[in-house]
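> Spelled out from the first residue to the last, the chains are:
Number of protein chains: 2
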Amino acid sequence: MSLSRYFPILEWGRGYHKTAFTNDVVAALIVTIMLIPQSLAYAMLAGLPPEVGLYASILPLVAYAIFGTSRALAVGPVAVVSLMTATAAGNIAAQGSPEYMTAAIAMALISGLMMVGMGLLRLGFLANLLSHPVVSGFITASGLIIATSQLKSLLGINAGGDTMPALLGSLYAHIGQTNLPTLIIGMSATLFLFWVRKGLKPLLVRLGLQPRVAELLAKAGPIAAVAVSILAVVSLDLEGAGVKTVGHIPQSLPPFAMPGFDPDLWVRLLVPALLLSVIGFVESVSVARTLAARKRQRIVPDQELIGLGMSNLASAVSGGYPVTGGFARSVVNFDAGADTPAAGAFTAIGIAFAALFMTPWLSHLPVATLAATIVVAVLSLVDLKTPRMVWHYAKGDFAAMAATVLVTLLAGVEIGVIAGVGLNLALYLYRASRPHAAIVGRVPGTEHFRNVKRCDVLTAPHLLSIRIDESLTYLNAGWLEEFVLESVAARPQMRHLILMCSAVNTIDASALESLEAINHRLADSGVRLHLSEVKGPVMDALQHAHLLKDLTGHVYMSQNQAFSELILDNGDHDGRLRPENDLWLARGLI
Amino acid sequence: MSLSRYFPILEWGRGYHKTAFTNDVVAALIVTIMLIPQSLAYAMLAGLPPEVGLYASILPLVAYAIFGTSRALAVGPVAVVSLMTATAAGNIAAQGSPEYMTAAIAMALISGLMMVGMGLLRLGFLANLLSHPVVSGFITASGLIIATSQLKSLLGINAGGDTMPALLGSLYAHIGQTNLPTLIIGMSATLFLFWVRKGLKPLLVRLGLQPRVAELLAKAGPIAAVAVSILAVVSLDLEGAGVKTVGHIPQSLPPFAMPGFDPDLWVRLLVPALLLSVIGFVESVSVARTLAARKRQRIVPDQELIGLGMSNLASAVSGGYPVTGGFARSVVNFDAGADTPAAGAFTAIGIAFAALFMTPWLSHLPVATLAATIVVAVLSLVDLKTPRMVWHYAKGDFAAMAATVLVTLLAGVEIGVIAGVGLNLALYLYRASRPHAAIVGRVPGTEHFRNVKRCDVLTAPHLLSIRIDESLTYLNAGWLEEFVLESVAARPQMRHLILMCSAVNTIDASALESLEAINHRLADSGVRLHLSEVKGPVMDALQHAHLLKDLTGHVYMSQNQAFSELILDNGDHDGRLRPENDLWLARGLI
Chain S
48 MSLSRYFPIL
58 EWGRGYHKTA
68 FTNDVVAALI
78 VTIMLIPQSL
88 AYAMLAGLPP
98 EVGLYASILP
108 LVAYAIFGTS
118 RALAVGPVAV
128 VSLMTATAAG
138 NIAAQGSPEY
148 MTAAIAMALI
158 SGLMMVGMGL
168 LRLGFLANLL
178 SHPVVSGFIT
188 ASGLIIATSQ
198 LKSLLGINAG
208 GDTMPALLGS
218 LYAHIGQTNL
228 PTLIIGMSAT
238 LFLFWVRKGL
248 KPLLVRLGLQ
258 PRVAELLAKA
268 GPIAAVAVSI
278 LAVVSLDLEG
288 AGVKTVGHIP
298 QSLPPFAMPG
308 FDPDLWVRLL
318 VPALLLSVIG
328 FVESVSVART
338 LAARKRQRIV
348 PDQELIGLGM
358 SNLASAVSGG
368 YPVTGGFARS
378 VVNFDAGADT
388 PAAGAFTAIG
398 IAFAALFMTP
408 WLSHLPVATL
418 AATIVVAVLS
428 LVDLKTPRMV
438 WHYAKGDFAA
448 MAATVLVTLL
458 AGVEIGVIAG
468 VGLNLALYLY
478 RASRPHAAIV
488 GRVPGTEHFR
498 NVKRCDVLTA
508 PHLLSIRIDE
518 SLTYLNAGWL
528 EEFVLESVAA
538 RPQMRHLILM
548 CSAVNTIDAS
558 ALESLEAINH
568 RLADSGVRLH
578 LSEVKGPVMD
588 ALQHAHLLKD
598 LTGHVYMSQN
608 QAFSELILDN
618 GDHDGRLRPE
628 NDLWLARGLI
Chain F
48 MSLSRYFPIL
58 EWGRGYHKTA
68 FTNDVVAALI
78 VTIMLIPQSL
88 AYAMLAGLPP
98 EVGLYASILP
108 LVAYAIFGTS
118 RALAVGPVAV
128 VSLMTATAAG
138 NIAAQGSPEY
148 MTAAIAMALI
158 SGLMMVGMGL
168 LRLGFLANLL
178 SHPVVSGFIT
188 ASGLIIATSQ
198 LKSLLGINAG
208 GDTMPALLGS
218 LYAHIGQTNL
228 PTLIIGMSAT
238 LFLFWVRKGL
248 KPLLVRLGLQ
258 PRVAELLAKA
268 GPIAAVAVSI
278 LAVVSLDLEG
288 AGVKTVGHIP
298 QSLPPFAMPG
308 FDPDLWVRLL
318 VPALLLSVIG
328 FVESVSVART
338 LAARKRQRIV
348 PDQELIGLGM
358 SNLASAVSGG
368 YPVTGGFARS
378 VVNFDAGADT
388 PAAGAFTAIG
398 IAFAALFMTP
408 WLSHLPVATL
418 AATIVVAVLS
428 LVDLKTPRMV
438 WHYAKGDFAA
448 MAATVLVTLL
458 AGVEIGVIAG
468 VGLNLALYLY
478 RASRPHAAIV
488 GRVPGTEHFR
498 NVKRCDVLTA
508 PHLLSIRIDE
518 SLTYLNAGWL
528 EEFVLESVAA
538 RPQMRHLILM
548 CSAVNTIDAS
558 ALESLEAINH
568 RLADSGVRLH
578 LSEVKGPVMD
588 ALQHAHLLKD
598 LTGHVYMSQN
608 QAFSELILDN
618 GDHDGRLRPE
628 NDLWLARGLI
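Quick note, the sequences are listed as chains S and F, same order.
Those letters in the first sequence? Residues 48 to 637, by the numbering used here.
Those letters in the second sequence? Residues 48 to 637, by the numbering used here.
Hints in this document: simulated from the structure, not taken from any laboratory.
Some clues are possibly wrong.
[Claimed, not checked] Computed cross-link-like contacts, BS3-like style, restricted to lysine-lysine with a CA-CA straight-line distance of at most 25 angstroms:
#1 K596(F) with K582(S)
#2 K596(F) with K596(S)
#3 K442(S) with K596(F)
#4 K582(F) with K500(S)
#5 K432(S) with K596(F)
#6 K442(S) with K432(S)
#7 K442(S) with K582(F)
[Said to hold, decoys possible] Not close to chain S: a few residues of chain F, all C-beta gaps over 10 angstroms, as computed:
#8 L160
#9 R244
#10 L264
#11 A399
#12 H439
#13 L505
#14 L615
The C-beta atom is built at its ideal place from N, Cα and C for all residues, glycine as well.
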């Protein structure tokens with residue numbers, strides 16, 4: 048039981064049967080065809096030799112098949128994580144140097160350890176700190192940076208940079224060196240891939256193919272572009288004309304080796320690796336959750352962290368770089384009929400086969416074709432719908448999103464994530480620190496109490512009812528003291544205050560202390576404090592506190608009971624109610 | 048209007064009259080007598096020359112009188128802030144060096160700028176991040192560290208350290224060098240001051256003095272200890288016997304100078320200065336709030352930040368170090384009858400007088416007497432009641448408190464604050480990310496709905512009602528999806544889901560997206576999503592979103608209406624209710 052919690056393979060592996068095997072093999076074949084050009088391209092985006100992309104697509108997939116809980120997630124190199132790896136490693140050493148490679152592998156190792164650790168400690172909830180708008184903004188901005196960074200390969204020039212201004216400046220400075228054959232290959236590949244995306248499926252359907260088959264066949268577009276452009280380079284000797292190709296790729300399985308441990312390097316990579324882990328996890332979980340829901344299956348986020356962490360550790364010990372679950376790839380895997388995580392293991396076999404036998408053919412592959420693959424893939428990351436929706440719905444969320452986009456574009460991915468998360472959290476804490484509260488009165492002729500600002504309700508000058516629409520915690524304890532004491536200071540005739548707690552789900556130790564302080568201070572100025580509609584769990588907790596003993600007033604089951612009883616205590620000492628003096632319509636008078 | 052917002056002196060200054068003047072002068076006199084030994088002692092605690100304490104008690108008080116909103120707060124050097132200054136400056140340079148002095152002044156300057164900036168941007172709410180338990184734990188641990196650090200002066204030995212283990216180790220190593228005359232002076236002063244605290248007031252009352260006068264007279268204890276020990280040193284030539292004294296104090300007003308700006312130093316002091324600002328602000332505001340409430344006055348936290356910030360800037364330009372509102376001092380000021388912040392300005396005049404004319408007499412003051420003053424003052428900071436209360440009330444809050452105490456004692460004040468705030472926030476976010484929710488059913492014979500786990504209620508297999516007891520935000524959006532989809536996955540007969548939103552005060556953009564995802568995924572599996580009891584402001588916001596248009600079900604005013612209508616749609620298509628099949632007591636069946 049506990050073992051299969053950490054090894055989900057024991058769960059689904061027990062019932063593994065022939066139909067599932069067939070389904071998984073078919074799905075694996077299609078994903079392999081899609082993954083070969085992607086893994087080469089994303090390794091290039093990460094500033095690494097192309098074979099590293101293949102290595103990162105073998106062992107990590109096997110690890111995920113053992114430890115992951117999603118049945119359809121396809122892990123491997125993805126665009127955003129590759130960009131983050133390039134940024135982090137680029138801060139350590141120059142691209143192409145052995146130190147750069149070491150840093151990329153260390154990123155996989157550190158994030159792997161972090162993810163496994165967070166999963167074991169059940170810290171997956173920390174990923175909640177990345178709100179949807181911040182993630183959407185970050186992915187959009189990353190997509191724009193990635194697409195821009197690939198222009199250099201499409202033009203055949205040297206340019207670089209981690210931020211939009213740096214990239215654009217560098218492109219502008221070198222645009223004169225554009226290589227025409229490269230530009231032609233790059234543009235043709237880009238246009239072809241866009242057409243494959245939009246136009247091929249309808250065409251195949253019109254030619255009589257089933258929509259699902261047409262859809263899957265269209266996924267082979269990138270591999271076709273790869274094949275055609277290799278052919279073009281070889282037959283026209285374009286390498287002589289200045290077209291940059293991938294060059295020699297070692298024909299081998301991944302090199303197994305324990306990555307070294309350099310404390311200084313680790314310290315410098317801690318924050319980038321943490322950001323990469325969280326972003327990778329959030330992206331992966333949202334894909335996995337979407338696909339699981341379609342089959343009424345479930346995923347376990349904390350175990351997903353362990354699964355992705357083990358994948359990254361597997362990548363680190365086999366010459367790879369950071370990986371996570373890819374969106375497009377997982378959807379293809381799902382649509383192609385993958386039944387279990389075994390499909391991932393079969394994909395790994397396919398990629399291993401490619402690494403052993405196909406690499407010699409790939410050496411003439413133009414870099415511009417890979418750049419075209421990346422550009423077409425990442426432009427789908429750019430999301431213009433969400434910003435409009437968020438703008439109309441919640442300005443605070445939009446501010447966090449806009450800050451994420453702008454800071455990511457102008458200052459790079461790491462600061463971008465931190466700025467978005469920080470602003471979002473600050474806005475959340477700001478709101479939590481001044482919750483909604485209403486002065487309420489009785490709706491005439493009923494037992495209901497409503498906001499005096501929204502309804503015509505009955506109140507009295509010696510009796511104030513405040514409804515607090517939030518749990519009382521340390522974040523709003525200070526606000527509570529001020530709100531209550533100011534309300535009292537403004538009403539010299541007051542003798543009773545009722546706090547209506549119908550929306551108070553918890554009271555923490557700080558808020559409890561504030562309530563005790565309020566109780567004492569109100570007593571000093573001759574006002575008694577009452578509570579009404581305190582929820583069961585809150586009442587249970589208050590049994591362990593002094594407040595109930597010290598309370599100058601009572602705890603009432605219902606607000607109506609409190610109001611009905613205290614309205615009589617109007618200071619005339621005869622207990623008779625004089626409606627003409629003590630009750631009136633609140634609007635305008637309070 | 049707006050001007051008096053930032054210059055509260057314009058408000059109270061307009062009505063300033065003779066009675067207030069007399070009251071303020073009397074209070075200032077008493078606070079001055081109390082402040083002279085304190086300012087010398089806390090400067091020593093901060094590792095600074097004694098006159099720096101006097102300088103920090105002149106101009107900052109005038110600045111607070113102009114910009115502060117509390118009528119009774121007495122600002123100046125305080126124990127915890129002095130300790131934090133010593134720690135921060137000690138990380139830059141050795142005590143006694145000019146760089147140490149520069150760092151201490153820079154701390155005042157940076158925190159002053161931070162406080163003013165936070166006040167202008169109305170960021171005072173960020174101080175809420177320090178919960179009562181964390182502040183209480185931090186102050187207790189700081190008090191213990193301060194008291195231990197003074198043992199060296201009471202024993203007349205050399206010892207030091209920022210953490211408890213370092214301090215104890217250093218004391219143990221040097222204890223053999225104890226100087227007997229110093230020990231006698233230190234012990235006598237400590238015992239005398241403890242007796243003054245506990246025994247002098249009752250004695251004076253028994254001698255016929257009014258309790259209030261006796262209380263205030265007892266506050267002159269430290270100055271009496273100072274006078275007596277100076278007399279003892281001079282008459283017995285104890286300096287020759289190895290008793291360390293304060294030594295020469297320049298006889299002058301504060302030296303005005305613009306502090307230099309060293310970017311490297313500023314970067315290193317940013318975090319310590321931020322922590323010092325927040326701790327100083329939180330302590331000061333809690334004192335000011337307590338005293339204001341006693342007279343039904345109010346303070347404005349964001350303006351308090353400006354007031355304290357200007358005090359620190361005033362300190363920095365007049366050779367002083369960081370200051371804030373002191374607890375004991377403010378209570379004395381209040382009890383002595385201070386009517387307005389002018390009392391602070393009059394205290395400043397008193398201290399300036401002392402700096403000009405009393406300093407020659409103070410050169411023979413034994414350091415052990417000052418140490419005794421500190422020990423007696425800070426032991427009242429050690430709070431053993433709160434931990435017990437918090438332990439019984441809320442284990443999570445206790446964990447944050449215990450972590451703060453332990454980390455502060457073992458690793459120092461800066462890491463201590465950060466650890467406490469971090470753990471507290473993590474626990475808060477953890478709770479916010481998995482809020483309370485209940486599956487509810489109808490209490491038979493009523494229109495009320497209650498938790499199926501707590502009450503015997505009516506439910507039906509084709510209809511699930513979930514009440515969510517929390518606002519829906521990005522922190523719990525992921526939880527919401529999982530909770531709802533798992534509930535549905537476990538109930539194959541389900542056709543309708545009602546989310547009862549009576550406790551949902553807001554829905555942010557992330558949660559909105561999750562609700563839309565839930566709506567679509569439920570539609571895929573043939574379940575319709577309904578909302579009930581959506582609050583007015585939430586409904587207003589939802590008008591700007593797609594959710595209501597896309598919703599597969601309805602939005603019902605009341606849960607009862609939703610339940611009554613949907614219970615009939617039990618899939619039999621004849622609309623007739625079959626109670627024997629469709630309704631039963633929930634306990635044990637759901």
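> Hints first: check each against the structure and report whether it holds.
Right, here's what the structure says about each hint:
Only pairs whose Cα atoms come within 25 angstroms are accepted, and K596(F) paired with K582(S) is rejected, the gap being roughly 34 angstroms. Taking the CA atoms of K596(F) and K596(S), the gap is about 51 angstroms. The hint is violated against a cut of 25 angstroms. Our distance criterion of 25 angstroms between C-alpha atoms is met by K442(S) and K596(F), whose separation comes to about 21 angstroms. Annotation: proposed proximity of K582(F) to K500(S) holds, straight-line Cα distance about 15 angstroms (limit 25 angstroms).
The straight-line distance between the Cα atoms of K432(S) and K596(F) is roughly 17 angstroms, inside the 25 angstroms bound, and the hint therefore holds. Proposed proximity of K442(S) and K432(S) is supported: the alpha carbons are some 15 angstroms apart, at most 25 angstroms. At most 25 angstroms may separate the alpha-carbon atoms for a hinted pair to count; K442(S) and K582(F) meet this at roughly 20 angstroms. Even its closest Cβ contact with chain S, about 20 angstroms, leaves L160(F) beyond 10 angstroms, as expected for a residue assigned away from the interface.
With a cut of 10 angstroms on Cβ distances, R244(F) stays outside the contact zone with chain S, its closest approach being about 24 angstroms. Non-interface call for L264(F) relative to chain S: holds, since the shortest CB-CB distance, roughly 26 angstroms, exceeds 10 angstroms. Annotated as non-interface, A399(F) keeps its C-beta farther than 10 angstroms from every C-beta of chain S; the closest such distance is 35 angstroms. Listed as outside the interface, H439(F) is inconsistent with that label: its C-beta sits roughly 5 angstroms from the nearest C-beta of chain S, within the 10 angstroms cut-off.
Every beta carbon of chain S lies more than 10 angstroms from that of L505(F), the smallest distance being close to 20 angstroms; the non-interface claim holds. Every CB of chain S lies more than 10 angstroms from the CB of L615(F), the least distance being 26 angstroms, so the non-interface label holds.
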